[in-house]
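Chemist: What follows is each chain in one-letter form.
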Amino acid sequence: METSESIFVVIKKAILGFFHGFLPDWTVVIISILISVTAIVIFGPVTMMFLTWLERKVVGRIQNRYGPNRAGIFGLLQPIADGVKMLTKEDIVPRAADKVTHFLAPVIVVIPALLVFSVLPFGRGMAAVNLNVGLLFFLAVSTMSTIAIFMGSWGSRNKFSLLGGMRAVAQMVSYEIPMVMSVVPVILVTGSLSMVSIVEAQLGGKWFVLTPWGFFGAIVFFLCGVAEVNRTPFDLPEGESEIIAGFHTEYSGMKFALFYMAEFMSAFAIAGLTATLFFGGWDGPLLPSWLWFLVKSYAMIFIMIWFRGTLPRFRIDQLMGFAWKLLLPFALLNIFVAALWQMLPAPKNLIVSGIAEAVILVIVFFASRKDSPKKRTYVFAD
Amino acid sequence: MSDTAVHSQEPQLLEVSIGPQHPSTHGVFRMNVVLDGETIVKLKPVMGYLHRNHEQLAENMSYLASMPYTDRLDYICSMTNNFAYAMAVEKLAGIDVPERAQYIRVLMAELTRLINHTLLVGFLLNDLGAFFTPTLYAFREREKILDFFEATAGSRMMCNYFRFGGVKADLPAGGMEQVKEIVKNYSRFLDEFERLLTSNEILRSRCQNVGILSKELAVNASITGPILRASGVNYDIRKVDKYSIYDRFEFKVPLGKVGDVYDRYYVRILEMRESIKILQQLLKQMPEKGEILSAKGAAAAKSPRMWKPPAGDAYGRIESPKGELGFYLVSDGSPKPYRYHVRPPSFINITILEDMCLGQKVADAIVILGSVDIVLGEVDR
Chain Z
28 METSESIFVV
38 IKKAILGFFH
48 GFLPDWTVVI
58 ISILISVTAI
68 VIFGPVTMMF
78 LTWLERKVVG
88 RIQNRYGPNR
98 AGIFGLLQPI
108 ADGVKMLTKE
118 DIVPRAADKV
128 THFLAPVIVV
138 IPALLVFSVL
148 PFGRGMAAVN
158 LNVGLLFFLA
168 VSTMSTIAIF
178 MGSWGSRNKF
188 SLLGGMRAVA
198 QMVSYEIPMV
208 MSVVPVILVT
218 GSLSMVSIVE
228 AQLGGKWFVL
238 TPWGFFGAIV
248 FFLCGVAEVN
258 RTPFDLPEGE
268 SEIIAGFHTE
278 YSGMKFALFY
288 MAEFMSAFAI
298 AGLTATLFFG
308 GWDGPLLPSW
318 LWFLVKSYAM
328 IFIMIWFRGT
338 LPRFRIDQLM
348 GFAWKLLLPF
358 ALLNIFVAAL
368 WQMLPAPKNL
378 IVSGIAEAVI
388 LVIVFFASRK
398 DSPKKRTYVF
408 AD
Chain F
402 MSDTAVHSQE
412 PQLLEVSIGP
422 QHPSTHGVFR
432 MNVVLDGETI
442 VKLKPVMGYL
452 HRNHEQLAEN
462 MSYLASMPYT
472 DRLDYICSMT
482 NNFAYAMAVE
492 KLAGIDVPER
502 AQYIRVLMAE
512 LTRLINHTLL
522 VGFLLNDLGA
532 FFTPTLYAFR
542 EREKILDFFE
552 ATAGSRMMCN
562 YFRFGGVKAD
572 LPAGGMEQVK
582 EIVKNYSRFL
592 DEFERLLTSN
602 EILRSRCQNV
612 GILSKELAVN
622 ASITGPILRA
632 SGVNYDIRKV
642 DKYSIYDRFE
652 FKVPLGKVGD
662 VYDRYYVRIL
672 EMRESIKILQ
682 QLLKQMPEKG
692 EILSAKGAAA
702 AKSPRMWKPP
712 AGDAYGRIES
722 PKGELGFYLV
732 SDGSPKPYRY
742 HVRPPSFINI
752 TILEDMCLGQ
762 KVADAIVILG
772 SVDIVLGEVD
782 R
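As given, the protein sequences belong to chains Z and F, one line each in that order.
Mapping to this note's numbering: the first sequence position 241 is 268, numbers consecutive.
Mapping to this note's numbering: the second sequence position 160 is 561, numbers consecutive.
Misleading hints may appear alongside valid ones.
Simulated crosslink set (SDA-like; lysine to any residue; CA at most 20 Å straight-line) [what the hints assert, rightly or not]:
#1 Z:K84 to F:F533
#2 F:K492 to F:K709
#3 F:K653 to Z:F407
#4 Z:K186 to F:P424
#5 F:K643 to F:Q681
#6 Z:K233 to Z:G381
#7 F:K653 to Z:Y405
Cβ pair distances, simulated, as ranges [unchecked claim]:
#8 Z:T404 to F:V435: 34 to 42 Å
#9 F:V435 to Z:D409: 39 to 47 Å
#10 F:V442 to Z:I174: 28 to 36 Å
#11 F:K443 to Z:G381: 53 to 61 Å
#12 F:G438 to Z:T404: 32 to 40 Å
Derived by calculation from the structure, the hints in this document are not laboratory data.
Quick caveat, the model's predicted, so the values are computed rather than measured.
Glycine residues also receive a C-beta, built at the ideal position from the N, C-alpha and C atoms.
Assemble the whole structure, with the sequences as input and the hints as a guide.
Modeler: Shown next as C-alpha cells:
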C-alpha cells in the first residue's frame, strides 16, 4: 500500500540517490529536472495515444459498433499503427503557403500542451514543479495554443483554414474569461494559486464540487475547458461538416498528428485540472493517490467523449452568446456565492450560499429562457 | 506573398467554393458563396458534376430498359423512382395494375419513405455537427428495410423491382412477417430517435428560425414535398391525385407553420409516423394471393424491344419522399420514347437555396442544404 502510494516518488529518489554517490550536487539537480521532464514528455504522448483509442472505442460503443479491434487485443495497438501511418505519410505543403509559419505552427502548438503538465499534481508529491502561481501558469500557457492555431490557419493560405482560425481565436479569447472567473472562487477559498495547496485544501473528502459554488463552478469550468480544447459541441474551429477540418485542413502526416496530439493532451490537461480544482485532485481513499487522479481525469475525459458522441455543434453566434451572456455572468455571480461561503460561520454558510446559488440559477434560467427555442405544435390536414 | 489572393475584389468579402469535394454537400454539389465574415452575402449553386445524360439515354433505348436507370436517379429511393416511371408508361399505354401488385407498390413506396426520411434526419444531424451517432442509428434501421428489399427484389439499393402493369416478383416466403416486424418496431425506434434529437436544446437553437422559406416563395418556385408542407402549404400528391390505392388509407398530412429547418425536420418525423399508419392499414387490407402482373403488362415485359405503346404523351407523377417526382413521356409509336423527361424534386427544390441562405451563417447554409434533402443523382441526372 505504502509503496504503491509513492512508487514514482520512490523511484525518482532512488535514481537521484544513485547519482548522488559520485556526481556533484548541481548535476543531481539537473538530473532531477531531466527525470521530471522525461516523465512528462513520455506521459503526454502516451496519454494522447491511449485517448485516441479510448475515444474511438467509446464513441463506437455509443454508436452501436465495436470501434478498433483488429490491431492487438481490443485494438490496443491501433494508436501505434496510426502513428506509423502518420510518420510515413507524405508531408504536403501548399504552394501558396507561408512556409515558415506553416512549419512552425504544429511545433508550437505542442509546447503549451506539454508545459501545462508540469504544474499538475499527479499524486501526493508528484507535481513536477510546485509553482506558487501554478494555476495562473496553467491558464496563461494553455492560451498560447491559440497563437499556434492561428499561425497554422493563416500560414496555410486556405479559406477554410482562415475561417477556422478566425473562429478559433474568437472562441478561445471568449471562453478564457468565464474560465478564469470560474476558478476565482477556488483561489478565494484556498487563498493560494499553487495547485498543490489547492489539492491540500480539499483533503479528506472536502472536495469543492460538494459545495454549492463549487458544483456550478465545476460545470462552468468544465464547459469552458471543453470549448478551450475545441471539442464537441464547441468544435467550431475544426467543424468538419462546415469548414472541412478548419485550421488543420492543409496539414498532413506528422504535422497533422502534432495538432491532434496537442488537442488530446490539452483535453487531458483540462480534465486533470477540473479534477484538481474541484474534485479533490489525488485525494481519495484506499487507492494510491496517482491512481485517484487518473480515475478522476478519465471520468472527465469520458464525459467529453460522451458529449462528442451525442451532441450537435453550436453556431458561432450562439457559441459567443453562450460564453458572454450565460457563462460569464454566472461565473461572476458564483464568486459572490463563494465569498458568502467563506465569510460566514460553518453551518450557516451552506444554507445561505445554497439559497444565493438557487436564486442566481433561477435568475439566469429565466433570463436565458427569453431567447431559447420553443416547443412547437403542428397541424394535420386531411 | 504569392498572388493567389484570399480576398475577392471587394476587400471585406471572402469568396469560398464549398464543394464539389466537401464532407457535407451530399455528393458532388458545389456552392459558390461570398462571405462577409461568417455571413453569407451571395450563394450560387453549381450543379452538373454527376451529369450522366439520363434523359438522352432513355430516348435511345426501349421503355423497359430505362427502368434500371431510374434506380440511379435518387439512389436512396429506387422504389419510388420505379413507381413514377411505371405509372407514366402505364398511363401512356393504358395498362392496368392488379390489386395485389398495387398493394405491394404502396408497401414499397412507404418503406422507401421511411428509409429516406430516417436517413435524411441522420445526415441533417451530421451537418449539424453530431458525430455520426444519429446517422448510424438511422443506418441500423435502414438495414432492416434493405434486407426486406433484397429478399424481395434481389437488390438492396438498385431494386429495379417495378414492371409496367405490376411488379417483378411476388413477396418471398416470410416476407410479410419481415414487414410486420419492421412496422411494429419502427415507431418505437422513432420515439427513441426523437428522445435523442427533438428536444435537444442545441438542435432546436440551431434549426429554429433558420432558413425560413415563405409560403409564397415556396409555391412560386414550385417547391414540392416535405419542404413545401413545412412552409404550411397543404399539398400532398397522395391526397391530391389519390393515385394507385392511396384513397383506401386513412392518413393525415402534417404541416409546419414557420417553414424553417426545424419544421422541415419535424414534418418529416411526423410523415414517417403517418407512413407507419398507412403500412399498418395496408398489412391488414392486403390480399393474401393474387396476380402481380397484368396481362398487358406481361406482354410488355415479354419482348421489351418490340413493345410499342400507342403514339401520344403522358405524365405520371407520385409523391416521392423528396417531393413531386414526375416522368413525362412522348411516344411516336416506336419502341423508343420520342421524349423522356424527368421532373426531379431535388433539382427544383434546390433552386431556392440562395433565398433561404442569404444573411445566414456558413454553418446554417450547410444545415439548410441538408434540410432541403437533395441527392445528386437526381439533381444532375
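Chemist: The structure should be examined with respect to each hint, and the outcome stated for every one.
Modeler: Comparing the hints with the structure gives:
About 14 Å separates the Cα atoms of K84 of chain Z and F533 of chain F, which keeps this hinted pair within 20 Å; it holds. Between the alpha carbons of K492 of chain F and K709 of chain F the distance comes to roughly 13 Å, so the proposed pair stays at or under 20 Å and holds. Distance check on the hinted pair: K653 of chain F and F407 of chain Z sit about 6 Å apart at the alpha-carbon level, within 20 Å; holds. Taking the CA atoms of K186 of chain Z and P424 of chain F, the gap is near 16 Å; set against the 20 Å cutoff, the hint holds.
Straight-line distance between C-alpha atoms of K643 of chain F and Q681 of chain F comes to about 18 Å, which keeps the hinted pair within the 20 Å bound. With a C-alpha separation of about 16 Å, the suggested pairing of K233 of chain Z with G381 of chain Z holds against the 20 Å cut-off. This hinted pair checks out: K653 of chain F and Y405 of chain Z have alpha carbons roughly 12 Å apart, not beyond 20 Å. Hint check: T404 of chain Z to V435 of chain F, Cβ distance near 38 Å, so the stated range 34 to 42 Å holds.
A C-beta distance of roughly 44 Å is found between V435 of chain F and D409 of chain Z, which places it inside the suggested range of 39 to 47 Å. Range check, V442 of chain F to I174 of chain Z: Cβ separation about 30 Å, and the 28 to 36 Å hint holds. The beta-carbon spacing between K443 of chain F and G381 of chain Z, approximately 54 Å, falls within the hinted interval of 53 to 61 Å. Distance hint check for G438 of chain F and T404 of chain Z: the Cβ-Cβ separation is about 36 Å, which falls inside the suggested range of 32 to 40 Å.
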